[in-house]
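Novice: From the two separate chains plus the hints, produce the assembled complex.
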Amino acid sequence: MTFYKLLKYDVKNGFRLGLINLLIVALFALAFCIDFYLRKNGAYIFDASTPEGTFIDYLFYIFGGIKEYIPSRTDGFIFPVKWLLLHLFILYSTLYYPYRDLSSLGLNILVRTKGRMAWWLSKSLWNICYVLACYLVIFLTVFGFCLIMQEPISLNITPMFVNDLLEADSPFDIFSTQLVYIILFFPLFISLALNLLQMTFVLFIKPLYSFGVMAVILLASAYLLTPILPGNYAMPIRSEHVVENGVQVTDGVMMVLLLIAASFIAGCDYFRRYDILNDD
Amino acid sequence: MMTNTLTPLLKIELSKAIKNKYFITTLIVALIFALLSAWYIIDLHFYTQSMMKIHGTNGNPMTPAFSLFNHWIGGEATSLGFTLFFTLLPLMAVLPYGWSYFIENKTGYLKTVVTRSSKWYYFLAKYIATFTAGGLVIFLPLVINLIVVACFIPAVTPSTMYTLYYSVAHVSMWSYLFYTYPLVFVILYLILNFIFGGLFATMSLAISFFFKNRIAIILIPFFLILILHYSRTFLAYKYYREISPLNYLHSVSIENPVSSWIVLTQGLLFFILTFGITMRLGVKRDIL
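Protein sequence lines correspond, in order, to chains L and Z. Here the working numbering is used: the first residue of the first sequence is 1, the next is one more, and so on. Here the working numbering is used: the first residue of the second sequence is 1, the next is one more, and so on.
Next comes chain Z alone, as it looks inside the complex (with noise of 0.2 Å):
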């Protein structure tokens, strides 16, 4: 008789998930990433600072201007720590664990496990464990990079007296929360990023179904979202909100203001394909 057999089968994929040294090097890589983007804009902070009380700010010290909520990796859009992370956020989303139903179908091990359980635990554990990877190892360098960056720099509450310095249109999404309550602001954009990350990942696992090499696998959701990223050129002067997911996912708006409809829809879309094609094909598919 089966018994229920998804328990422990999740444990040990989040276990592999999260244990393994791929996840561990992006991790370190992508920390780099966030640690570059927190050492230059905290010695830029104190630069600008410095400079200010040399020439002097004819009273106004323009605090609101200077905060954690336009320095921190995901509100500023000047370094280079920020270009590498955001730009390669897709790829350093799959590399962790996108690649195991692949390796584990070639070696095998895909069927001592669906042998001793089920097809369908089996996809959903490892549907889980792949978005929780790639979700993981994007979130936890954008949240220790606003740690970091809070240590030096204040968090004080935006001002519409200096959209200049912030670019969170009032057309943009949650930007009410943003010159409000801008802490829930940021938790609120590092858990699209998580989820974002999450989906980026399982487009891997979605895409092992069709291609029988490893590095396709691992670099045709990056392609995707790059080619997606791309074909905003096509709506310039026309469309006036952001599609791409490498300019979204950054919580200060860099070309286009964000909708919160064009979010949703292409994160259940993202969600329905691969969700979709892994637990469709994987459970039909004849691994005997």
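Looking at chain L on its own, in the form it has when it is part of the complex (with noise of 0.2 Å):
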């Protein structure tokens, strides 16, 4: 079987399988995109007229994370709910299928392929381009609901919005385009690194506790503002460009390469000896 054949086929039965899940990242969008909308007419009720959350306002919403928290015996850690749902509900969605596919016909495709490393690569690809589609569905919902509620396509970012609807406690009035690009690629990289991550987790201990590293690793970034804890670099409001001790891109860009890198490399190396006959 040739490796364009292999991911061919896992391309059709990861989506086919994971069709669903799809649907419900698109209903998360949609709750959060009503929730920053309702929150902003709540906001500035008081005001002549609500303003308008453009295109890229929406997705700071959704994808922009709680700023930093420091530990107050009278301030409780709260956890970012809709931005960890988001992530988590991501890698769920790409647990099963390649756990899945080392069982039953997944077995004989495996012995078909004649080449371990065609067959991981493949799986890594799937990933990849599954996580690309939830981020697709999540542009495409927040573009749908900004047309339907005439919201306008743009991808200028309201200051205002900044302090008083995310809480980022920023001290800049105006955001550079950085930002833009910070908010629209850096939680997808993110996101694809910790699913590759928690693929390679999988073959070392079982894909419930996989998950649960990297929910640890979730809740554990959204604690600290620390460059080292890879769910910083997924919360725009962490970023520099947002508050002055935030998180940078190029150490973002070395952690989402080293952490893609890793996992690739470990996942090969191991699964080439790993017992695909053990079926605990």
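It should be emphasised that the hints constitute simulated quantities derived from the structure, not laboratory data. Just to be clear, a hint being listed does not mean it is correct.
Quick list of in silico lysine-lysine cross-link-like pairs, BS3-like style, CA-CA up to 27 Å [as the list claims (entries may be wrong)]: (1) Z:212 <-> L:12; (2) L:206 <-> Z:21; (3) Z:106 <-> Z:11; (4) Z:119 <-> Z:212; (5) Z:21 <-> Z:284; (6) Z:11 <-> Z:111; (7) Z:284 <-> Z:106; (8) Z:212 <-> L:206; (9) L:67 <-> Z:238; (10) Z:238 <-> Z:106; (11) Z:106 <-> Z:212; (12) Z:19 <-> Z:106; (13) Z:119 <-> Z:11; (14) Z:19 <-> Z:111; (15) L:8 <-> Z:16; (16) Z:111 <-> Z:21; (17) Z:119 <-> Z:19; (18) Z:212 <-> Z:111; (19) Z:16 <-> L:206; (20) Z:19 <-> L:206; (21) Z:11 <-> Z:21; (22) Z:19 <-> Z:212; (23) Z:11 <-> Z:284; (24) L:206 <-> Z:106.
Computed from a predicted structure; not experimentally measured.
Specialist: This is the structure we're talking about:
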């Protein structure tokens, strides 16, 4: 079986299995848009008119995350449920297919590929395609919502929302165009890296524990503002373009490349010796 | 003639639920979270005490402000251990035994049991065992955290003078106990956590009847609770009572005060749905 055929098989079967999850991702995105719209109307109820939210404002609200938490006896930590729900759901969506394909029919396909590396590469590419599809669904849902609600489809960040609605505590009055790219690409890149890392972890520990490790990484990232926890780069609110002690773009790029490379190399290496008949 | 096989079946199920590697692993992970909270909070307590000695307290040592009841994992809301424990609580409750019916149905074990007993007994024993395993995996780390923290921080009765440090509002559930018999309040919360841990675990048992994917069976209850938690955002500035179990299972209010009616209603709803689905669909389903 050629690599192209294997990839085609994975894309077809993986997407068929995860189609309903893409629909759920769209529903989440729609709920987040409605949430932002209502919050915006509520916050500026006493103003002469409610300011319009642009396409990028909606995305910023969805992917934003939370500002740095400074532990205090009087203020408890409130985890960013919207951000966590989205990232964990995408992680859940890519968890089952590669694991399932290591049993029954998938084993026959693996034997026919005559190369475990090709199988692993194909699953990694499917994983990347699926995460890209999830983000495409989110972008399209936000785009559709903006069209229906007659909100401007533009990439101009509305500065007043950053502190009023996203509670970023930003000292800046205007935001650079670089922040737009961070909002559009960094949550996606970190999601890609974490999904690949999760797939690799499945080889070492059970899928559910692998998911648990990702949940711990995301929660720890929300709790601690530090460049070594990848979740921080998936929160544009914690970017250096929003807060002075924010995480840097270059560190984020390095983190993504490191995670993807480490996941792929460790996965390839371990999968060559992996006992595929161990069906526990 | 069918003899009463419920008692031996229940013994076997409870033994399987508690003596399996998933229960042990999840318990260890939950204990790590609980001890992480204890370590952080004990360290913070001694740091605060030493700072007060250095800077002085103007004659007020604020003793009731620094008590066991706002330092154990159910009373503090500032550590990473607390965050991990209470956010991942529905997931940890399901992991020990929530998957068992799905596996037993898949491997055929269910048939061998049901032919020697009855479906009703099997599902009743399964429900009780799943509930117990889910409850225990949450309850035990909380108790151990309480004991560890109590070894270092005195159990001073909270005072209404320091509500800033307690955030148990007078309208909150069992608040009258908190400021008079705080240990009773804590014990009631431990029981509440056991019950909800058990109910979360049985959610996956009920979901097993609809899905053929083990990962979905375990993770769907967790996502349902996260969705319920997120739905609070639509009640902002309209309703000021806690509706999320992730918040109200913590004895000190994190965002909104807790209403006993909401806790009771949700608990009953979860029980009726999980027990109803398990017993009705389980007994009705043709397993042969």
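Novice: Against this structure, judge whether each hint is valid.
Specialist: Quick rundown of the hints versus the structure:
1. Z:212 <-> L:12: 20 Å, holds
2. L:206 <-> Z:21: Judged against 27 Å, a Cα distance of about 12 Å means the pair holds.
3. Z:106 <-> Z:11: It holds: about 22 Å lies between the C-alpha atoms, which stays within 27 Å.
4. Z:119 <-> Z:212: Measuring from Cα to Cα gives roughly 20 Å; hence the hint holds.
5. Z:21 <-> Z:284: 31 Å, violated
6. Z:11 <-> Z:111: Judged against 27 Å, a Cα distance of about 18 Å means the pair holds.
7. Z:284 <-> Z:106: 17 Å, holds
8. Z:212 <-> L:206: 18 Å, holds
9. L:67 <-> Z:238: Roughly 25 Å between the alpha carbons, so the hint for residue 67 (chain L) and residue 238 (chain Z) holds.
10. Z:238 <-> Z:106: 47 Å, violated
11. Z:106 <-> Z:212: 9 Å, holds
12. Z:19 <-> Z:106: Roughly 21 Å separates the two Cα atoms, so the pair holds.
13. Z:119 <-> Z:11: 16 Å, holds
14. Z:19 <-> Z:111: It holds: about 22 Å lies between the C-alpha atoms, which stays within 27 Å.
15. L:8 <-> Z:16: 43 Å, violated
16. Z:111 <-> Z:21: Between residue 111 (chain Z) and residue 21 (chain Z) the Cα gap is close to 24 Å, so the pair holds against 27 Å.
17. Z:119 <-> Z:19: 23 Å, holds
18. Z:212 <-> Z:111: Roughly 18 Å separates the two Cα atoms, so the pair holds.
19. Z:16 <-> L:206: 20 Å, holds
20. Z:19 <-> L:206: 18 Å, holds
21. Z:11 <-> Z:21: 18 Å, holds
22. Z:19 <-> Z:212: Roughly 25 Å separates the two Cα atoms, so the pair holds.
23. Z:11 <-> Z:284: Holds: residue 11 (chain Z) and residue 284 (chain Z) sit about 24 Å apart, inside 27 Å.
24. L:206 <-> Z:106: 19 Å, holds
The structure fails to meet hints 5, 10 and 15 from the earlier list, while all remaining hints are met.
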